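Engineer: Below, each chain spelled out in residue letters.
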Amino acid sequence: MSEKTLELTTRGDREIVMTRVFDAPRRLVFDASTNPELVKQWLLGPPGWTMPVCEIDLRVGGAYRYVWRAADGQKMGMGGVYREIQAPERLVATERFDEAWYPGEAVGTVVLVEQGGKTKLTQTILYESRAARDAVLKTGMERGVAASYDRLAELLPSLVA
Amino acid sequence: MMTTFRALAEPNRFQIVELLRDGPRPVGDMVHRLRLRQPQVSKHLRVLSEAGLVDVRVDAQRRIYALRPAPLRELEVWLETYRRIWEGNYQRLDALLDEMKAKEKKRGRKKR
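Just so you know, the protein sequences line up as chains X and C, in that order. With our numbering, the residue at position 44 of the first sequence is 44, and numbering never jumps. With our numbering, the residue at position 80 of the second sequence is 1080, and numbering never jumps.
These are calculated hints, taken from the structure and not from any lab test. Just so it is clear, the structure is predicted and the values come from calculations on it, not from any experiment. Incorrect hints may have been included.
[As the list claims (entries may be wrong)] Residues of chain C clear of chain X, computed beta-carbon distances all greater than 12 Å:
(1) T1004
(2) P1011
(3) P1026
(4) G1028
(5) H1032
(6) K1043
(7) S1049
(8) V1056
(9) R1062
(10) A1066
(11) E1087
(12) G1088
(13) N1089
(14) D1098
(15) K1106
[What the hints assert, rightly or not] Derived contacts from chain X toward chain C, CB cut-off under 8 Å, selection only:
(16) F22
(17) L43
(18) L44
(19) G48
(20) L126
[Stated by the list, open to error] The list that follows gives simulated cross-link-like pairs (lysine-lysine, PhoX-like), each with its CA atoms no further than 20 Å apart:
(21) X:K4 x X:K118
(22) C:K1103 x X:K40
(23) X:K120 x X:K75
(24) C:K1043 x X:K118
(25) C:K1101 x X:K120
(26) C:K1110 x X:K118
In this text, a Cβ means the ideal position worked out from N, Cα and C, and glycines have one as well.
Next up, chain C with everything else stripped away, as it sits in the complex (with noise of 0.2 Å):
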């Protein structure tokens, strides 16, 4: 889990996340879409491939890269329990603010 973090936490790996949700994809194609050098976007793929977030595989002369989906889930089953504990709060937060809707609406009759 602290892998996949921490290799989520550096903002071009993000972005090569985000690159790879829609498919699977040629570094080349990757170091052009992302303006950076072709070492820096093999560094990065490195620290991913390492975190168990892609996989490679070689097609001909190119090296294609792909998401595994296994610890981004792991990540969304961590987030998602944390959302249920305040979505939990704030439901309870939609029935107070409605009991203190109403009570305006009587006082605010009363005063006419």
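Next up, chain X with everything else stripped away, as it sits in the complex (with noise of 0.2 Å):
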């Protein structure tokens, strides 16, 4: 398998699709997806983010629920259902955030492929439409470049002194 490399596409208009491999078994992966006390390492967005809250209820109609913070106090959440569940190889569950600022519910699946003890995760998020899809990667964007900001400003003190 190919080395550590995010691969991030579009594919038709309502897809983003991304591919990583991983150094680890797949039952580990699923595990760091599925199990909200590690989830909430790792699943955390631009530098600064952290989730307080992660609930995560891993049976088929079960819900979960993630929120993020910010250093500044500014908090986004996200949630939804889970609809399919064979672990440790494929996960599909519905995603809204609270405050969404695109029309519709997204579905995500996750697919897990173990070869050699790698195991190349496939995330794909499925958008209700094409707007909804290009409003999530402009959103992605702009946290970027906020992002990027943020350590700007972190180290102008530091030049100044």
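The task is to assemble the complex, starting from two chains supplied on their own in separate frames and drawing on the hints.
Structural biologist: Take a look at the structure:
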């Protein structure tokens, strides 16, 4: 399997597809994606964010709920319902942000394929419309830019001194 | 940006853009390669041209189309930032998985 490079592409006009290889068997990757104590250690988004709420009811029809918090107190929440659970290879769940800036609910699918002790993760997010998918990508960009400014702000005092 | 996405969302237009990545081509050549009818290809090329994705130049009797890199670069920048946020997540997951593997190994040793 190829090295640990995240591949991100759009597919058709409503999907975002990401693939990434991890140097661990897939039951560990599955565990790290479904055990709340583990999820809140890595699913944090841009630098400086923490995850004070991470609740997962891992059964078909069960809900999950995530809340992130930025250093300035700003909060962002999302949640959904599990539609398919096939440990340790496949997870399908709906997802919607509390203050969704895009229309409709999205469906996220995670597929884990293990080979020689490594795991290839493919994450697909299917949005209800092209407009929704594009809006998500656009926010990704804005957040990324904001995050770089934050780092610059941290750097500035040391540069001035 | 939306115009770029809309123009690329149609599979035949996406294929035209893929073809043009290798260099400029006359319309006739694309008709042949895509196995579409000339009016269809011309219609798609018009949409791509309106989205600013391609340029046309007339060489004798032939219309030669070429890719304009600017909108594609914009799309790439867009995807890149989203990618970076996820890459941050996945790097933390790498570290966590290493910890989990180390713990399992330790437990395995104790059992024996």
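Engineer: All hints are to be evaluated individually against the structure, with a verdict given for each.
Structural biologist: Each hint tested on the structure:
1. The beta carbon of T1004 of chain C is not kept farther than 12 Å from every beta carbon of chain X, the shortest such distance being approximately 10 Å.
2. Remark: the non-interface label on P1011 of chain C conflicts with the geometry, its nearest Cβ contact in chain X lying 8 Å away (cut-off 12 Å).
3. Distance check on P1026 of chain C: its Cβ is at least 28 Å (rounded) from any Cβ of chain X, clearing the 12 Å threshold; non-interface status holds.
4. In this structure G1028 of chain C is separated from chain X by more than 12 Å, as the shortest Cβ-Cβ distance comes to about 29 Å.
5. Taking the minimum C-beta to C-beta distance to chain X, about 26 Å, the non-interface status of H1032 of chain C holds against the 12 Å cut.
6. The beta carbon of K1043 of chain C sits about 18 Å from the closest Cβ of chain X, which is more than 12 Å, so the claim that it is off the interface holds.
7. At the 12 Å boundary, the C-beta of S1049 of chain C stays outside the reach of chain X, the nearest C-beta of that chain being 20 Å off.
8. Chain X leaves V1056 of chain C outside its interface by the beta-carbon criterion, the shortest separation being 25 Å against a cut-off of 12 Å.
9. Distance check for R1062 of chain C against chain X: the nearest CB is about 32 Å away, which clears 12 Å, and the non-interface claim stands.
10. A1066 of chain C, annotated as away from the interface, keeps every beta carbon of chain X farther than 12 Å; the closest lies near 23 Å.
11. Not every CB of chain X is more than 12 Å from the CB of E1087 of chain C (nearest about 5 Å), against its label as outside the interface.
12. Residue placement check: G1088 of chain C does not keep its beta carbon more than 12 Å from all beta carbons of chain X (closest about 7 Å).
13. Distance to chain X contradicts N1089 of chain C as a non-interface residue, since its nearest Cβ pair spans about 6 Å, not more than 12 Å.
14. Some Cβ of chain X comes within 12 Å of the Cβ of D1098 of chain C; the nearest lies about 8 Å off, and the non-interface call is violated.
15. Residue placement check: K1106 of chain C keeps its beta carbon more than 12 Å from all beta carbons of chain X (closest about 14 Å).
16. Interface hint at F22 of chain X: satisfied, since its Cβ lies 6 Å from the closest Cβ of chain C, which is below the 8 Å cut-off.
17. About 6 Å separates the beta-carbon of L43 of chain X from the nearest beta-carbon of chain C, less than 8 Å, and the hint is met.
18. The criterion of a C-beta within 8 Å of any C-beta in chain C is met by L44 of chain X, whose closest approach is roughly 7 Å, and the hint holds.
19. For G48 of chain X, the interface hint is violated, the least distance from its beta-carbon to any beta-carbon of chain C being 11 Å, above 8 Å.
20. The restraint placing L126 of chain X at the interface with chain C is violated, with a minimum CB-CB distance near 14 Å, outside the 8 Å limit.
21. Distance restraint check for K4 of chain X and K118 of chain X: the Cα-Cα separation of roughly 10 Å lies within the 20 Å cut-off, and the hinted pair is therefore satisfied.
22. Among the hinted pairs, K1103 of chain C with K40 of chain X is consistent with the structure: their alpha-carbon atoms are about 18 Å apart, no more than 20 Å.
23. Taking the CA atoms of K120 of chain X and K75 of chain X, the gap is about 31 Å. The hint is violated against a cut of 20 Å.
24. Restraint check: the Cα-Cα separation between K1043 of chain C and K118 of chain X comes to about 46 Å, which exceeds 20 Å; the hinted pair is violated.
25. Of the supplied pair hints, the one linking K1101 of chain C and K120 of chain X holds, its CA atoms being roughly 17 Å apart against a limit of 20 Å.
26. As the CA atoms of K1110 of chain C and K118 of chain X are separated by approximately 25 Å, the hinted pair breaks the 20 Å bound.
In summary, the numbered hints that this structure violates are 1, 2, 11, 12, 13, 14, 19, 20, 23, 24 and 26.
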